[in-house]
Amino acid sequence: MDKNMIKEFIAKRVAKMLKDGDVVNLGIGMPTLVANYLPEGANIFLQSENGFIGVGPAPEQGNENMNIVNAGGQCVTILPGGVFFDSATSFSIIRGGHVDMTVLGALQVDEKGNLANWMIPGKMVPGMGGAMDLVTGAKKVTIAMEHTAKGAHKILKQCTLPLTAAHQVDYIVTEMGFMEVTKEGIVLREINPEFTVEEVQAATEATLIIPEDMVQMEV
Amino acid sequence: MHKQITMEQAVDMVKDGMTIMVGGFLGCGNPHRIIDKLVEKGVKDLTLICNDTSFPEFGVGKMVVNKQFKKIMASHVGTNPETGRQMNEKETEVILIPQGTLAEQVRAGGAGLGGILTPTGVGTVVEEGKQKIELDGIEYLLERPLKADIAIIAAQTADKFGNLVYFGATRNFNHLMATAAEIVIAEVEEIVEVGELDPNHVVTPGIFVTHLVNGGAN
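Sequences listed follow chains A and B, in order. The numbers in the numbering used here rise by one with no breaks, and the one at position 111 of the first sequence is 323. The numbers in the numbering used here rise by one with no breaks, and the one at position 124 of the second sequence is 137.
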């Protein structure tokens, strides 16, 4: 799979997790692609932390409105039934447990459910934005990312970068598999049939738990 | 009740060394006209409280490029490389705050609260130096309120009492910051007569807004 196919594959698998009526916040980058594959017929309420629910697709060229943008600053539209609000309301939704799932990228994630995705000391310090609140407050936290960073492990025994939040990650979706973070460790629930268990483990620093009922990952 | 002032009068209220809140999110909902004039005026040594530092060529980001802040309190500065440069070279102090915490700190400042308790940041560098309080088995950080000498905010329409109506995603921090500063200047696209706004649609009550500037249509 090339880069774009990997992103599409991951986004499609994440989209299958969503149910009718879910309030979902999609992070910047690959998680945003999930919006392209939402289950048909389901009402999924996309929340944007800059202050609205009902994020719609990008407007047609020429119809952009600079005052209707997503949390990445890109022009979007608002769907019928959508609503705008201020940042305190937005984070009441986020921190208060009213977001069913947040989907974010990661620099590192570990077997304790710790997440690091907001800074690399001395190199990249963009700030956490809304990520710490999202990871702390959302009912389910799903990490959507490439399994490794050009071969370097990202799914670790213990994060080494500054954390975004401790013990909050529930699921990890990569091009290699669908994983659940449990008290016992990271369980490989589904595997992409293009890879063997050994290959997935080799690409993962944490020791994966392979359940008997592991199935093929399908999108 | 003469809240409407000129752009020049508005800019004159911002003095060197002040703490200034600026509404907006990545430039969306920044008071762009006032910011442009503040860049021209070159007022300096300000402490900025804003969600982010936008982009170098857009909104409050221009004031960063013009080196007008000695301290910046924001949730995200990654879209403006100049903020990162000033932070790394220790020209400007940058305090990064989780976005939801920043919103609540501003709200608390305007609402007369002594602080807020949030689980966000527990177990991260954000908790350093802060009081932790455990209630019902959950750990929270005590985050203190934020206030400012002056807030510059943006809205779509005001009536002459300063009641504000917003458009689209511009509301973000603007409504909150209107409550948390001594002087609150709202840049709006249009100022209408009292009674023309539907009271059911007003988001920010005019009592919070001390001055209005007609910035014209965006």
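Careful, some of the hints might be misleading.
[What the hints assert, rightly or not] Taking lysine to aspartate or glutamate pairs in the DMTMM-like style, the calculated list, with each CA pair at most 20 Å apart, reads:
1) B:Lys160 to B:Asp149
2) A:Lys351 to B:Asp149
3) A:Lys351 to A:Asp214
4) A:Lys362 to A:Asp382
5) A:Lys335 to B:Glu104
6) A:Lys231 to A:Glu392
7) A:Lys351 to B:Glu152
8) A:Lys335 to B:Glu106
9) A:Lys335 to B:Glu95
10) A:Lys395 to A:Glu430
11) A:Lys324 to B:Glu152
12) A:Lys335 to B:Glu152
To be clear, the hints were calculated from the coordinates, so they are not data collected in a lab.
Structure-based check of each hint:
no.	hint	in the structure
1	B:Lys160 to B:Asp149	violated (30 Å)
2	A:Lys351 to B:Asp149	holds (19 Å)
3	A:Lys351 to A:Asp214	violated (32 Å)
4	A:Lys362 to A:Asp382	violated (24 Å)
5	A:Lys335 to B:Glu104	holds (17 Å)
6	A:Lys231 to A:Glu392	holds (18 Å)
7	A:Lys351 to B:Glu152	holds (17 Å)
8	A:Lys335 to B:Glu106	holds (17 Å)
9	A:Lys335 to B:Glu95	holds (14 Å)
10	A:Lys395 to A:Glu430	violated (26 Å)
11	A:Lys324 to B:Glu152	holds (18 Å)
12	A:Lys335 to B:Glu152	violated (31 Å)
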